[in-house]
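S.K.: Here's the letter readout for the chains.
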Amino acid sequence: MMFSLATLTQLLGLWQRILDAESRGVQVWQTIKAAVPDQGAESDTAALDAVIADAQRRRDIAEREANGTASAAELGVHAGSNGD
Amino acid sequence: MQNRILASIVLALALCVSGCATTRHRVTVSVVSAHAVLSAVQDTEMDLVCGRAKAPAAPACVPLAEHKAISAKLVTAFEYDGKAAKLAKAIPSGSASWADVFPLLTQIGTLVDDMLKKIPKSPQLDQLLNSIGGR
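Protein chains in written order, with the working numbering: chain A, 1 to 84; chain B, 85 to 219.
Derived by calculation from the structure, the hints in this document are not laboratory data. All of these numbers come straight from a predicted model, not from anything done at the bench. Any given hint could be a false lead.
What the hints assert, rightly or not - If we take Cβ atoms under 7 Å as the criterion, some of the chain B residues that face chain A in the derived model are:
#1 Arg108
#2 Thr112
#3 Val115
#4 Gln126
#5 Ser155
#6 Ala156
#7 Leu158
#8 Phe162
#9 Asp165
#10 Gly166
#11 Lys202
Heads up, the beta-carbon is just placed ideally off N, CA and C, and yes, glycines get one too.
The task is simple: from the sequences and hints, build the whole structure.
M.R.: Here it is as structure tokens:
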């Protein structure tokens, strides 16, 4: 595969930023490395199934929030708090 | 822009810095990464909406109008997220490829950048950015 100089420069910058992020112990990296070990196709399928289910659940919550129809439990509103 | 690194994380995970063995695992890690970032943004932002139990005082809280705009973007982002996961599952069958998933992940990264710009500065936002590598 051929890369242009501009693409290579961009990729190098990208890698540097990622390495910087990883060296700071970014939580998302640690979480994902632990959550998605390289244990074969079945393990990957299980992880993807979990994402599919949770993405649907969270999408539905976001839709209710966008439409102003979220449940009280989702809102977590308490009396006397600062309004907008 | 500090938040641009979020898109970079998705892109870099696509390259699988951690040394993934197979293309499918590489894609899986990328999809799970995008989902984790989106989930963190949603959980944090919902707590920051003005008037909610854990929200900080104005101007650090998220006004309702902005919250609705962010939630609409989350709807789209989670749709991309689920679609990317379904495509990733289909990779061994040859019905999908990394090239199909990549645009969805980059669009998720762009949406995350847009959403974070709408959240006022607060300790909670700082914590979110720190946890997802946004600064």
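S.K.: Checking each numbered hint in turn, tell me which of them this model violates, lowest number first.
M.R.: Violated hint (a single one): 11; every other hint is consistent with the structure.
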